[in-house]
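J.: Take a look at the letters that make up each chain.
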Amino acid sequence: MRSLTLHLKILIAILVVLGISVTCYQIFVLGIPVTEDATDDLWNIDAKVEFVANPKDPVKIQMFVPPLSRDFVSLNESFISNNYGVSVNRTDGNRKVTWSARRAKGNQTLYYRLVLTKRYSGEKIKVKGPTFRDSIAVEGPEKIAAEALLAPIRQHSADVETFITEAIKRTNNLSDDNVKLLLAGDPSTAHKAKIVELLLSIAHVPVEKVHTIRLVADQPQSPELWLRSFNGSDWLYFNPETGEQGLPADRLLWWTGDENLITVDGGKKALVTFSLNNSEMNAIRLAKLTDENTDANFLEYSLYGLPLQTQQTFMIMVMIPIGVLVILILRNLIGLQTLGTFTPVLIALAFRETQLGFGIVLFTIITALGLSLRSYLEHLKLQMLPRLSVVLTFVVVLIAAISLFSHKLGLERGLSVALFPMVILTMTIERLSITWEERGANHALKVAIGTLFAASLAHIIMSVPELIYFVFTFPAILLILVGFMLAMGRYRGYRLTELVRFKAFLKADQ
Amino acid sequence: MFGFWKTWKALEARGIMGINRRNADYVLKYNKRSLYPLVDDKIITKERALAAGLHVPQMYGVISTEKGIDKLDEIIGGRSDFVIKPAQGAGGDGILVVADRFEGRYRTVSGKIISHEEIEHQISSILTGLYSLGGHRDRALIEYRVVPDQIFKSISYEGVPDIRIIVLMGYPVMAMLRLPTRQSGGKANLHQGAIGVGVDLATGLTLRGTWLNSIITKHPDTTNAVDGVQLPNWDGFMKLAAGCYELCGLGYIGVDMVLDQEKGPLILELNARPGLNIQIANDCGLTLRTHAVEARLETLKAAGVTETPEERVRFAQEMFGHIAAFAG
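Same order as they appear, the protein sequences are chains B and G.
Numbered by my numbering, the letters in the first sequence go through residues 1 to 510 in order.
Numbered by my numbering, the letters in the second sequence go through residues 1 to 328 in order.
There may be inaccurate statements among the hints.
So, partial list: chain G residues that the calculated Cβ filter (under 8 Å) puts toward chain B [what the hints assert, rightly or not]:
| # | residue |
| --- | --- |
| 1 | A10 |
| 2 | G18 |
| 3 | D93 |
| 4 | G129 |
| 5 | S214 |
What follows is a set of in silico ranges between Cβ atoms, one per label pair, in the way DEER data are often shown [to be verified]:
| # | chain 1 | residue 1 | chain 2 | residue 2 | range |
| --- | --- | --- | --- | --- | --- |
| 6 | G | I215 | B | G493 | 20 to 28 Å |
| 7 | B | I329 | G | K6 | 17 to 25 Å |
| 8 | B | K9 | G | E47 | 40 to 48 Å |
| 9 | B | M485 | G | L288 | 25 to 33 Å |
| 10 | G | H322 | B | V464 | 54 to 62 Å |
| 11 | B | A13 | G | K6 | 27 to 35 Å |
| 12 | B | K9 | G | Y36 | 26 to 34 Å |
| 13 | G | T299 | B | I10 | 28 to 36 Å |
| 14 | G | E12 | B | H7 | 22 to 30 Å |
| 15 | B | S463 | G | G228 | 54 to 62 Å |
No lab work stands behind these hints: they were computed from the structure.
A virtual CB, placed ideally from N, CA and C, is assigned to each residue, including glycine.
Could you build all of it, start to finish, from the sequences and the hints given here?
T.: Now the structure itself:
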């Protein structure tokens with residue numbers, strides 16, 4: 001016996017730990033929202049391309065679009081363009097869209113729209129990059145200036161990272177004569193970046209230009225230039241103005257390299273304007289959308305992986321254990337008497353369709369009429385099976401009649417009576433009438449009310465939307481439930497009603 | 001809430017057994033599921049009891065098919081009184097007690113005159129499983145009608161009073177006399193309104209009674225005192241009950257017995273899930289006594305001894321008997 005208890009304890013512990021850890025994994029590692037109301041940021045990025053087409057030439061516009069390899073997940077991407085052919089191709093880690101048309105005239109406007117989110121980007125992919133490059137050839141005074149600059153940089157740096165930071169800082173020191181010479185009167189960020197690249201190339205440190213967009217709503221902006229270098233395992237990002245390292249989280253990488261954002265053949269005055277806005281979206285819907293749009297299959301092995309129709313069925317099914325738990329507590333802890341064990345759960349399921357108040361009324365009417373028929377049949381002394389068949393048929397007729405009446409009366413809700421499980425009703429009537437005969441009307445009434453109460457409570461709890469969402473999303477909760485049920489299987493304490501039942505003892509004491 | 005907790009503690013201190021404890025610690029622990037048919041089917045119980053030499057009401061015959069109903073006359077023979085029972089009935093339902101014949105008809109014990117067809121219908125209902133647990137097909141048992149001892153005349157209303165003894169591993173633990181009332185319709189089941197009266201295990205003297213969960217000392221129909229009655233042949237009851245463990249192998253049972261005018265104590269049936277109201281009737285919790293028996297079993301097991309039914313009865317009587325509190 002003792003070993004059984006130990007066995008049971010271990011089993012319960014395993015189930016509970018398993019249930020909790022799977023749920024925690026889902027919540028904390030996969031980041032699945034705990035409530036249905038949780039929302040996530042959703043970014044809407046519009047790039048508007050305007051240009052004037054030359055009247056006679058064919059038009060070809062090439063523009064970089066975000067490669068979206070890391071940190072962000074594209075949910076929807078669209079190229080809005082009248083009469084233009086669209087193609088997207090990847091080159092060197094960049095993505096480029098090409099719009100082309102044989103004939104175009106006057107002002108042209110094209111749109112690129114991207115909807116993305118930061119969450120659920122799954123595992124980071126291994127990145128690759130160059131760690132060595134050839135020097136850019138320079139001659140004459142530039143060469144001397146560059147070498148003069150490099151000497152102190154070497155002295156003040158310890159590794160690639162600090163070397164780059166130091167190089168950027170030196171380049172931004174506009175009072176330095178060597179810098180002045182190299183900049184040649186053009187202190188724009190792009191030019192500075194070019195000088196940094198040159199300096200680094202002499203030291204064989206590869207560096208790459210990165211053009212980013214800042215995820216900030218309702219602010220006009222143009223791509224911001226960053227530099228990045230590969231340190232063997234990851235990309236390091238540097239601000240070419242300050243030398244500060246690390247790309248802020250709100251930057252979206254748009255393209256890399258020296259090329260311009262847009263190139264237009266057969267047109268002029270090309271202009272790209274970015275506009276961003278963000279919206280919030282229901283987190284779990286977002287997760288589902290993300291799943292469809294990426295390879296991140298973190299919802300694949302959850303119930304969300306099922307077809308929608310089946311999902312709805314399961315939303316009901318996963319709640320049945322909760323209903324059963326309610327009955328278990330009501331019966332074994334409180335001591336409420338119900339008809340049958342799971343009859344209340346089945347009635348509770350029927351209440352889903354009929355609504356609670358209406359369901360109770362319909363249930364009471366059918367059971368009462370069924371009971372009167374049953375007591376009449378008692379006089380006829382029929383055998384059990386034929387008698388049950390008669391009651392069942394009567395229940396069907398009754399359901400049909402109620403449906404018809406309520407339809408004629410315009411009470412469409414009444415039609416839902418057809419969803420009451422007939423067999424359950426019949427068995428309820430049969431059991432109730434036997435209880436009535438064996439133990440009197442009082443007891444039968446008590447049991448009937450207990451059953452209805454249990455069913456109502458189970459129904460109310462089973463239809464809490466937050467609970468449905470939670471159990472459906474984290475089905476491992478059911479393991480914890482099983483653990484509790486197992487523990488209940490060895491519960492020896494009193495039931496609440498027993499405290500009342502055995503009150504006689506205490507009276508005698510006083 | 002606090003009140004409930006206090007009640008809880010008080011009940012626990014007195015060793016009152018609740019349903020959950022009964023099920024978890026006794027029924028599930030001591031009663032093997034495979035042995036249930038022995039007590040669920042009264043015919044099997046009867047056969048086993050006969051084989052073990054325990055007294056039961058004589059069985060006249062068994063009807064197990066619709067066709068077999070035709071043989072009813074043959075089974076009854078010339079007897080004028082008999083009882084028809086469902087073999088797997090529960091709660092005393094479906095029992096027909098015929099006390100006499102009356103011009104080709106039968107008179108039940110309550111004085112109702114019924115025809116032969118009605119009896120046949122009753123048997124047919126029994127066979128279809130109307131009264132059986134779970135509605136399975138059943139058999140009808142026709143047996144000797146017990147005539148209760150005269151001693152019960154003054155404290156019972158119709159029907160047959162019976163004696164229920166709870167037996168744990170062959171040790172009688174608690175006893176109760178169940179007296180039918182007008183409300184219980186001659187049935188001896190407490191939840192139907194019968195009275196339960198505690199019985200001193202050592203002497204067979206009745207203690208006070210319980211009726212519908214409250215404590216009483218007088219029979220509500222006859223207004224005679226139910227306490228202080230000496231049950232005849234008490235040791236016979238105790239031995240019968242103790243012997244039932246060997247009969248069925250179930251460790252925790254309620255043995256229902258009757259006292260026949262001529263044949264003395266007879267086993268009626270065994271119950272694998274005896275009720276808990278017996279505690280109210282005896283004003284004593286079952287848990288204290290069952291723990292004493294379990295402790296005894298431990299010591300005996302350590303010593304490698306097993307006791308005979310007589311020894312077990314003696315132990316129980318010494319341990320749980322001689323309650324003096326209710327002399328007044």
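J.: Please go over all the hints and tell whether each is borne out by the structure.
T.: Hints and how they fare:
With 8 Å as the threshold, the beta carbon of A10 of chain G comes within range of chain B, its nearest partner Cβ sitting at about 6 Å, so the hint holds. The closest approach between the C-beta of G18 of chain G and any C-beta of chain B is roughly 4 Å, which is under the 8 Å cut-off, so the hint is satisfied. At its closest, the beta carbon of D93 of chain G sits 6 Å from a beta carbon of chain B; the interface hint therefore holds under the 8 Å criterion. Because the closest C-beta pair between G129 of chain G and chain B is about 6 Å apart, less than 8 Å, the hint holds.
For S214 of chain G, the interface hint holds, the least distance from its beta-carbon to any beta-carbon of chain B being 6 Å, beneath 8 Å. At about 24 Å, the CB distance of I215 of chain G to G493 of chain B agrees with the hint of 20 to 28 Å. As the Cβ distance of I329 of chain B to K6 of chain G is approximately 22 Å, the hint placing it in 17 to 25 Å holds. Between K9 of chain B and E47 of chain G the CB atoms are about 42 Å apart, so this pair conforms to the stated range of 40 to 48 Å.
The hinted window of 25 to 33 Å between M485 of chain B and L288 of chain G holds, with their beta carbons roughly 30 Å apart. Distance hint for H322 of chain G and V464 of chain B: a CB-CB separation of about 58 Å, consistent with the stated range 54 to 62 Å. In this structure the hint that A13 of chain B and K6 of chain G lie 27 to 35 Å apart at CB holds, the actual value being about 33 Å. The hinted range of 26 to 34 Å is satisfied by K9 of chain B and Y36 of chain G, whose Cβ atoms lie roughly 28 Å apart.
In this structure the hint that T299 of chain G and I10 of chain B lie 28 to 36 Å apart at CB holds, the actual value being about 31 Å. Take E12 of chain G and H7 of chain B: their Cβ atoms lie about 26 Å apart, and the range 22 to 30 Å holds. Checked against the hint of 54 to 62 Å, the C-beta distance between S463 of chain B and G228 of chain G comes to roughly 59 Å, which is consistent with it.
Figure legend: structure checked against the earlier numbered hints; every hint is met.
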